[in-house]
Amino acid sequence: MRRLPWTPIAAFALIVVIALLAPWLGLANPVSMDVPHRLAGPSAAHWLGQDEFGRDVFARLIWGARVSLSVAVAAAALACVVGTTLGVVGGFLRGIAEILALRSIDVLLCFPPLLLALLVVTLLGPGATTLIPVLALVYLPGFTRVAYAGVLTARSQDYVEAMRVLGAGKSRIMLRTILPNIGGPLLVQFSLAMAAAVVLESGLSFLGLGVVPPAPSWGLMIGAARATMTQAPLLLLWPCLALTATILVMNALCDGLRDAVDPHPAYRPTARRLLDALAPGLLPTPRAVLDLRGLTVEIDTPHGPIHPVRDVSLQVFPGETLAIVGESGSGKSVTSLAITGLLPGAARVISGAACLDGTDLLRLSEDRLRNLRGAAMAMVFQDPGSSLNPVHRIGDQIAEAIIAHRPMPRAQATSAALALLQRVGIPDPARRLRAFPHELSGGMRQRVMIAIAIANGPRLLIADEPTTALDVTIQAQVLDLLADLKRERGLALLFITHSLPVVAEIADRVAVMYAGEIVETGPTAEVFLNPRHPYTAALLRSAPVEDGPAPEGIAGVVPPPTALPPGCIFAPRCDRAAPVCTTTHPALEAAGEGRAVRCIRWNQP
Amino acid sequence: MSALITATGLTKHFPAGGFLGRGRAVQAVTDVSLTVARGETLGLVGESGSGKSTVGRLLLGLLPPSAGHVTFDGADLATARAGDLRTLRRRMQLVFQDPYGSLDPRRSVGAQIGDALSIHALLPRADRAPRVAALLEQVGLAPDHAARYPHQFSGGQRQRIGIARALASGPDFLVADEPVSALDVSVQAQVLALLADLRARLGLAMLFISHDLPVVRHLADRVAVMYLGRIMEEGPVAAVFARPRHPYTQALLSAAPSLHPERRRTRILLQGEPPSPANPPSGCVFRTRCPLASSDCAHAAPPLQGAGHRVACFKAE
Chain A
1 MRRLPWTPIA AFALIVVIAL LAPWLGLANP VSMDVPHRLA GPSAAHWLGQ
51 DEFGRDVFAR LIWGARVSLS VAVAAAALAC VVGTTLGVVG GFLRGIAEIL
101 ALRSIDVLLC FPPLLLALLV VTLLGPGATT LIPVLALVYL PGFTRVAYAG
151 VLTARSQDYV EAMRVLGAGK SRIMLRTILP NIGGPLLVQF SLAMAAAVVL
201 ESGLSFLGLG VVPPAPSWGL MIGAARATMT QAPLLLLWPC LALTATILVM
251 NALCDGLRDA VDPHPAYRPT ARRLLDALAP GLLPTPRAVL DLRGLTVEID
301 TPHGPIHPVR DVSLQVFPGE TLAIVGESGS GKSVTSLAIT GLLPGAARVI
351 SGAACLDGTD LLRLSEDRLR NLRGAAMAMV FQDPGSSLNP VHRIGDQIAE
401 AIIAHRPMPR AQATSAALAL LQRVGIPDPA RRLRAFPHEL SGGMRQRVMI
451 AIAIANGPRL LIADEPTTAL DVTIQAQVLD LLADLKRERG LALLFITHSL
501 PVVAEIADRV AVMYAGEIVE TGPTAEVFLN PRHPYTAALL RSAPVEDGPA
551 PEGIAGVVPP PTALPPGCIF APRCDRAAPV CTTTHPALEA AGEGRAVRCI
601 RWNQP
Chain B
606 MSALITATGL TKHFPAGGFL GRGRAVQAVT DVSLTVARGE TLGLVGESGS
656 GKSTVGRLLL GLLPPSAGHV TFDGADLATA RAGDLRTLRR RMQLVFQDPY
706 GSLDPRRSVG AQIGDALSIH ALLPRADRAP RVAALLEQVG LAPDHAARYP
756 HQFSGGQRQR IGIARALASG PDFLVADEPV SALDVSVQAQ VLALLADLRA
806 RLGLAMLFIS HDLPVVRHLA DRVAVMYLGR IMEEGPVAAV FARPRHPYTQ
856 ALLSAAPSLH PERRRTRILL QGEPPSPANP PSGCVFRTRC PLASSDCAHA
906 APPLQGAGHR VACFKAE
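Those protein sequence lines, which keep their order, are chains A and B.
Heads up, the first sequence is in this note's numbering, so the first residue is 1 and it goes up one at a time.
Heads up, the second sequence is in this note's numbering, so the first residue is 606 and it goes up one at a time.
Just so you know, these hints were derived from the structure itself, not from any lab.
Computed from a predicted model, the values in this text were never measured in an experiment.
Treat the hints loosely; a few may be bogus.
Said to hold, decoys possible - Short derived list, chain A residues pointing at chain B, Cβ under 7 Å:
#1 ASP158
#2 TYR159
#3 GLU552
What the hints assert, rightly or not - Here are some chain B residues the structure puts well away from chain A; computed CB gaps all over 10 Å:
#4 THR676
#5 ARG712
#6 PRO748
#7 ASP789
#8 ASN884
All C-beta atoms in this analysis are idealised placements derived from N, C-alpha and C, irrespective of residue type, glycine included.
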């Protein structure tokens, strides 16, 4: 458990203690009248003045807190317990329990809450003890609905199924597994209900349906002060202030508790610094479509800045596929996001240059970058389902992509879309133009994404794990399509993947990344046949090969970007590490024709 | 080897969804029969929607079958009494695919591993902590990790925790549902080595569900290939991988990308996509994508037949 929210706890405890200690605080009698001094202002004897019957306002405020708070807390607690029980039982057991629990609550929801409260108070008669069940009834549906929705989400989680596999009974799963996981929203609901109950109690008392005069309550005080508002406006202020302060403290308390019971560390984004002055990049090689030089990305975290991508340089030539391969945390996706200018808010490029046909993408304004994206530079992502707009037809989305960069009549754009669908191998393209994304399979959607990507004749196509979500027979089709397009249009294809076999199938050259750096690069066939970096070699040994030896894992884990080792970043896991490797950070050095490796021992036996 | 778990004619149709149930029932699994012997690993491969995960859950009794039955160590799951079912539960466990979703984020790792011990009252309370520590060590984690929460671990470590949780009740049979497909390749190999080691040391029988053929080749003794809810081919891994007899298995093996493209079998690129399990083709379900299909294939579903190496195809030589 994390730190408890001590400030709101102390504030809430103070309010409760003051209210509980009211009889012993030596306050004036809250109901004894002093009519000659009615509406008197603050004085030494009456700190907050006297009300319309000359009663001490300070005493009434504190005695009123007893009534208002106990009603609110009791009502919210009652609603929380009953509502959560109904919601959890209904959501977990389903069937008849669900119908009984949820439908009865739905009936309650049909009444406006104030009307419902009025109805019950009228039937049972006013008074603090009636108020508790009345308010509980009003806030019951909220708790049931929140709990029910939480259970529906939680019950489909694998960890709930894991408990079933272990043979746990239903009550155990509900109490020990599901309840803690819906605790956060319930606490928020509790704070809302409690705050609202204080207000509604005041409202009902104000209407004469809650606490019976002369017993003090904040609502009664507000009601009475309203009548004399013009003569003594301060009388209205005190109960309202007390009400506001109490509600704020309750909200802060519940928020704090919710965070405290959540074992996950909270992420607090720090303010974004102004984009640092960029170091000028080196002159680009004229032939490369994409020339990336010395890219370094920084992300602010609560533990200080981290650099998920450091000094990454690579070139992609026309008609060539360069694959960036690496495991999670290697920085391969951050690299592609930096090139396309789509880095998330907390991340920024601190040095380097990325030239697309001579234009440095990292120094372009967002407007010019937007013009390039989808035109000269196009992207295909892993999840085609979330990249397409679910409410628009496929044909319209492709036509839209064309018109955004090349204004033309709608009909012409639609016929271009038809030709594109045909090109990417979608059967019956005329009919598919009118289909919605959900009517297509994952492989078809990825083909549509590719059609959109090539719609404006890009020079560079960045494909980030485009086949990872696809089945192997569909993956083979999509890889073939990408290879064909690259050949036929002279595309430069930057292919980002974690899969070595896919690299072997599609890439002309490969760059292997590890913990934010390129550790080895070169022609794919040569790198895979004769890896020069120990990480590349270990990675190849860990990939299962059908007719090869059993795969070997790499001991240890990728170092977190917050704690990179001082020397070679792979040294702690490297089977060839020498003492010097833990002190000297190796540079990426040339290692034969078109190859480079970041290891000081690559040419030592 | 004696059969530990046997499924006979297992069928699972999920009821129709849609407004007023007017959609078609999804035929997730149709007429699947298989056995897993003690200490044996059966690999179950297939693409998404082939029903392989559903078979795993049917074997564990987590889903009631629409037809057919499952026998575990001689006891029929469908007719077992509640008390017996609890004991059976203890003896069969599941390892999940998603190392993030399968652990309760709000409870310590030790508490979750200890659940099986307390649910089945396997050990007195005082002995549970040492047992949890021993389980953590068994899967290559440190005993003091028990007090930590899932988010403090990497994906590979979480998967080890999931395995420790599954082993806590001392099972004889483990269903591993894509246990390594969410992991990085270097971590994948570590977890596979752990599973192979545990299997050998504890004599576990395993149903290893995966879409990754090379992984199955290394871990399984036998392999069953599923397509659209049916088993297309089944046999010893060496035989199936070296001489696949069903055209689907042949296509699947040739489509898998290989580290050595030059050594790969001739690629059979399947056309189109798998049909919907709500509306499977008549006869052989693979015939709409099959390069060998003829009109005979539309009339009847080919039975899975053969000795040792079984195949469901009229055209298999």
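- May I ask which of the numbered hints given earlier this structure violates, with the numbers listed in increasing order? 5, 7
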